[in-house]
Amino acid sequence: MFFDYLNLSWHSIRNRSLRSWLTILGVVIGVTAIVTLISIGQGIQDSILREFEKVGYNTVTVLPGNFDTQRGGFGNSSADTSSYLDRSVMDEVDGVKVSAAIRSEDLQVVSENLEGQAFLRVSGMSPSVLSDFDDYFDGFPISDGERFSYDGDAREAVLGPEIAGELGVKAGGTIEIEGQEFTVSGILGAEDGGESGQFSFYGDLDNGLFVPLSAVEALYGDEGKASLVLAEVYEDVEVAEVADEIEKAYSQVDTASTTITTEEISNRVNSALGTIQMALAGIAGISLLVGGIGVMNTMYTAVLERTREIGVMKAVGAKNGQILGLFLTESGLLGLVGGSIGTAVGVGLSLLASRFISQALEAPFVPSFGPWLLIGAIAFSFVLGSISGVLPARQASKLQPVEALRYE
Amino acid sequence: MVELQNVAKKYTMGETEVRALRGLDLNITKEEFVAIVGPSGSGKSTLMHIIGALDIPDEGRVLLDGTDISEYDENELANLRGNKVGFVFQTFNLIHTLSSLENVALPLTFHGISKSDREDRAAELLEMVGLGDRMDHKPAELSGGEQQRVSIARALVNDPDILLADEPTGNLDSDTGKDIMELIEGLNRDKGMTIVLVTHNPRDAEYADRIVNMIDGKISNGEHDNGGGS
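Sequence order for the protein chains is V and W. Take the first sequence: its letter number 228 is residue 423 in the numbering used here, and every next letter is one higher. Take the second sequence: its letter number 141 is residue 1547 in the numbering used here, and every next letter is one higher.
By construction, these hints were calculated from the structure, which means they are not laboratory data. A portion of the hints provided could be inaccurate.
[As the list claims (entries may be wrong)] Derived Cβ-Cβ restraints for the label pairs, each shown as a range:
hint	chain 1	residue 1	chain 2	residue 2	range
1	W	D1464	V	M473	54 to 60 Å
2	W	P1608	V	L586	43 to 49 Å
3	W	E1421	V	L484	38 to 44 Å
4	V	L484	W	E1530	47 to 53 Å
5	W	H1606	V	H206	34 to 40 Å
6	V	Q595	W	H1606	20 to 26 Å
7	V	L586	W	P1445	37 to 43 Å
8	V	I488	W	T1422	44 to 50 Å
9	V	L484	W	A1546	51 to 57 Å
10	V	G477	W	N1577	35 to 41 Å
11	W	H1502	V	A467	53 to 59 Å
[Claimed, not checked] Some but not every residue of chain V turned toward chain W, in silico, with C-beta under 8 Å:
hint	residue
12	M196
13	D199
14	P322
15	S326
16	I488
17	N515
We put the CB at the ideal spot given by N, CA and C, even for glycine.
Put together the whole structure using the sequences plus the hints.
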């Protein structure tokens, strides 16, 4: 029965070819917008989540003070730098497998090729930062040279590509920090020599200036101070509980601390992205609504034009419900064709857009097409078309056969 | 077969109320060929609509095989039309997007009959009306006479008890009209089909067993036995 309706509908859609295609176009535009926006939004969300996965959900970040965690990259944050954390407190917290310390200070930096001097954020990293938490820095990729050797109290530095450019140094060159000479052991960046670009937990790696923790401590002449502590907890413990334990341990030594778990951030990022995505989808939904109104308009016209035909069908025994079904199938079919084309165009468009997004982000980006998105978009278009056809189809089904036959 | 008792029907056209039927009695027996004649506006078409279960009367009773259908709801009427009645219209009323075969098979679609059975039956009828070689043609590719043959085939596809023809030759030239009338007459003569023909063409009415004259929504006393086909 349904296939008979489909066949009849197909005949009449083809018969008013131009009008049908224009109606379908309205649906295509709406579906294209939705598929494109959602697949790109989902792609962004996925790539961010992949970063979280890399860092691992069993990492706890500890900051001194009661820190506002809303900002994002901790390395760039304006946390209260006058207070520090003692990394060794971590050794007393159950559940912590390994921990690492970073001490960031604003220091005077001078280089041969830089006129004058600059005050730059210099981050001292304990050896375990790179051995256990390098994913926190997007893998700490070196494009030129190598990482610090942590060889005794060697004064070595790794620079982000942008800052290295400003300072005019390459791997093997030297800079002065607070009057002490440091060898540039490596420049950060992807292997192809481009900027690292990727989202990193730490924040902007391109402008980072990293040295061994011991070198910063030597400059200040004190030890055991960290502006950021990283902890990896054992697989079989609750990350949130360990985070609480860490805060408790610090409060016992009269240090205010704030812990952030990967899960917390990922939830927050997810919900923020989700909201943006919903808003975009809502806007795209408006165009789909307009498409639906187009279907309704076309179906009303079709009912009017085919009044006699409806009369004939009723005269040969079609029941009201069958006429209703016939017109609903027809409007659903308009939606279905529009939805299928729109989905295909949307996929093409987001693949095209992803090339520009990749360029803009300077990182590979793939839009995400879940099967639910593709099937959902097509199914939804069919439903939308059918719903848009309800009122016209009801009108058709309720026509009196005698009057319909008399209609000129 | 069909019995109308004191049937009255009025409808409004614009702001005027038209009393199309004014207390009409009519009896059509099985295998009878009845022609209903009368001037325009005499209520012929309304009468045919009521006999064909397309409409129900405001007053009076319509008995089809002894069952009163004047209180039927829309779906019951649709069922009745689908099973017992075949319509042939002056303007053919074929669906122009469908081929001859599909047009003839259309009524069976609403009966949930399978596509292959529908098409077999439709092809059989198209052969019968002499259009075996025109099955895939769309109405626009057929002459008026051919279109009317398709519509007769469509009217017969559900194997109806009664065939209702409303001015079937009205849009045809006289030779073609004659062919169509002979086809209709043959259905009555050879297959015993009950036929009600509405016409204002006296020559068409000649084919009928009985001519019913209508005027002002009533049957005038001119009803007479025609003595069979010419």
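Status of each hint after checking the structure:
1. At roughly 57 Å, the beta carbons of D1464 (chain W) and M473 (chain V) sit within the given window of 54 to 60 Å.
2. At roughly 48 Å, the beta carbons of P1608 (chain W) and L586 (chain V) sit within the given window of 43 to 49 Å.
3. The hinted range of 38 to 44 Å is satisfied by E1421 (chain W) and L484 (chain V), whose Cβ atoms lie roughly 40 Å apart.
4. Between L484 (chain V) and E1530 (chain W) the Cβ separation comes to about 49 Å, which falls inside the hinted range of 47 to 53 Å.
5. Range check, H1606 (chain W) to H206 (chain V): about 35 Å between beta-carbon atoms, so the 34 to 40 Å window is met.
6. Restraint check, Q595 (chain V) to H1606 (chain W): a C-beta distance of roughly 25 Å satisfies the suggested window 20 to 26 Å.
7. A hinted range of 37 to 43 Å for the beta carbons of L586 (chain V) and P1445 (chain W) is consistent with their spacing of about 41 Å.
8. Evaluation of the 44 to 50 Å hint for I488 (chain V) and T1422 (chain W) yields a failure: the beta carbon distance comes to about 38 Å.
9. At roughly 38 Å, the beta-carbon separation of L484 (chain V) and A1546 (chain W) lies outside the given 51 to 57 Å, and the hint is violated.
10. A hinted range of 35 to 41 Å for the beta carbons of G477 (chain V) and N1577 (chain W) is inconsistent with their spacing of about 56 Å.
11. Range check, H1502 (chain W) to A467 (chain V): about 57 Å between beta-carbon atoms, so the 53 to 59 Å window is met.
12. Evaluation of the M196 (chain V) hint against chain W yields a held restraint, the C-beta minimum of about 6 Å falling below 8 Å.
13. Interface hint at D199 (chain V): satisfied, since its Cβ lies 5 Å from the closest Cβ of chain W, which is below the 8 Å cut-off.
14. At its closest, the beta carbon of P322 (chain V) sits 78 Å from a beta carbon of chain W; the interface hint therefore is violated under the 8 Å criterion.
15. Annotation: S326 (chain V) was flagged as interfacial toward chain W, and the flag is violated, the nearest CB pair being 73 Å apart, outside 8 Å.
16. At about 25 Å, the closest approach between the beta carbon of I488 (chain V) and any beta carbon in chain W exceeds 8 Å, and the interface hint on this residue is violated.
17. This hint holds: N515 (chain V) has a C-beta 6 Å from the nearest C-beta of chain W, less than the 8 Å allowed.
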